[in-house]
Amino acid sequence: MSAARTILGSLYWVLTAALLAACLLMLLFYTPVEKTMGPVQKIFYLHLPVAINTFAAAFVVFVASIGYLWQRRMWWDDLAAAAGKVTVLFCAIVLLTGMVWGRSAWGVWWTWSPRLTFSLILFLLYVVYLMIRPSVESPQRRAAISAVYGIAAFIDVPLVYLSVKMMPDIHPSSIALEPEMKLTLAAWFIPVTLVMVGFLFARFRLNRRLRELGAGRAVPEVSGVQAIPLGESTP
Amino acid sequence: MTGEGYLVLGYIVGLGLLLGYAILLWLAGRSLDKREPREDQGPTG
Chain P
1 MSAARTILGS LYWVLTAALL AACLLMLLFY TPVEKTMGPV QKIFYLHLPV AINTFAAAFV
61 VFVASIGYLW QRRMWWDDLA AAAGKVTVLF CAIVLLTGMV WGRSAWGVWW TWSPRLTFSL
121 ILFLLYVVYL MIRPSVESPQ RRAAISAVYG IAAFIDVPLV YLSVKMMPDI HPSSIALEPE
181 MKLTLAAWFI PVTLVMVGFL FARFRLNRRL RELGAGRAVP EVSGVQAIPL GESTP
Chain A
1 MTGEGYLVLG YIVGLGLLLG YAILLWLAGR SLDKREPRED QGPTG
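Chains as they are written, first to last, in my numbering: chain P, 1 to 235; chain A, 1 to 45.
Hint data in this document are derived by calculation from the structure and do not stem from the laboratory. Ideal placement from N, C-alpha and C gives every residue a C-beta, glycine not left out. Mixed in with the good hints there might be a few duds.
To be verified - The calculated label-pair distances, taken between Cβ atoms and stated as ranges, are:
1. V14/P with T2/A: 32 to 40 Å
2. P139/P with S31/A: 17 to 25 Å
3. F59/P with S31/A: 23 to 31 Å
4. M1/A with A152/P: 38 to 46 Å
5. P139/P with M1/A: 44 to 52 Å
6. T2/A with G214/P: 48 to 56 Å
7. D169/P with M1/A: 18 to 26 Å
8. T36/P with G29/A: 41 to 49 Å
9. M1/A with T36/P: 15 to 23 Å
10. I12/A with L124/P: 20 to 28 Å
11. I66/P with M1/A: 44 to 52 Å
12. F189/P with D33/A: 26 to 34 Å
Here chain P stands alone, though its shape is the one from the complex (with noise of 0.2 Å):
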């Protein structure tokens, strides 16, 4: 069973590679350079998808906490923990990408527009969730208090989406594509995404086998048994 997960695990992160691969080819033999911007806008095929994984990655921290408060089980608070550090992770990329492309697009590393002030404000938000955690000793008190911060930082994912629209800044809401560039634009979600799921199912499996040997190999919040910590004998 094992053997047969690294397997399968392995193969995930072969064929994830082998589309990245396949996908800088494209961006540099198959896709035409945008008339305007120059080479420099083929930044855009990874600042994107990076992006809206980024909300996705914040979706399942909503949703795990939502989890958290309504069934009390601890594999939530691991789900939502690992995909706070995968959103802390994108964001910080296309904080970093999106500085580059600015600096040559725009003349500067940034600006305060709204976009880019929710995004910094996206991560920023991240980033406290994930240090607030090891603040808190008692797990369920953590998965609590961290449920409830999680669910309130989601406030932003559609202000970020939605700014551009309300406030119109130097932040393009749009940009005209050919169809190789859409079909570019296209392949490159997968490997992004597949990238993204398998950081969340690694830290996730992580942060739950961490959990297992802080308090022993019972699994309290199936069974109801007491969790007995390790080294820890029975009478």
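Given chain P's structure and the hints, the job is docking chain A onto it.
Coordinates of chain A only, in the frame set by chain P:
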């Protein structure tokens, strides 16, 4: 820096962070495997 330079920098930063996190996850998984005997390995020692 030229447009090509910024493009390469953007992809190095983006894909580099993804690769870096993948390596960290892999190392964390390996470290846990050493701490905890896996189900299919049976009792050790």
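Each hint tested on the structure:
Distance hint check: the CB atoms of V14/P and T2/A are about 34 Å apart, consistent with the given range 32 to 40 Å. A hinted range of 17 to 25 Å holds for the C-beta pair P139/P and S31/A, which are about 21 Å apart. A hinted range of 23 to 31 Å holds for the C-beta pair F59/P and S31/A, which are about 30 Å apart. A C-beta distance of roughly 40 Å is found between M1/A and A152/P, which places it inside the suggested range of 38 to 46 Å.
Remark: the range hint 44 to 52 Å for P139/P to M1/A is upheld by a beta-carbon distance near 48 Å. Taking the beta carbon of each, T2/A and G214/P are about 51 Å apart, inside 48 to 56 Å as hinted. Between D169/P and M1/A the beta carbons are some 25 Å apart, a value that agrees with the proposed interval 18 to 26 Å. Taken as a hint, the range 41 to 49 Å holds for the pair T36/P and G29/A, whose Cβ atoms sit roughly 45 Å apart.
Between M1/A and T36/P the CB atoms are about 18 Å apart, so this pair conforms to the stated range of 15 to 23 Å. At about 24 Å, the beta-carbon gap between I12/A and L124/P stays in the expected band of 20 to 28 Å. Between I66/P and M1/A the beta carbon distance is about 45 Å. The supplied range of 44 to 52 Å therefore holds. Taking 26 to 34 Å as the suggested C-beta distance range, the pair F189/P and D33/A conforms, at roughly 33 Å.
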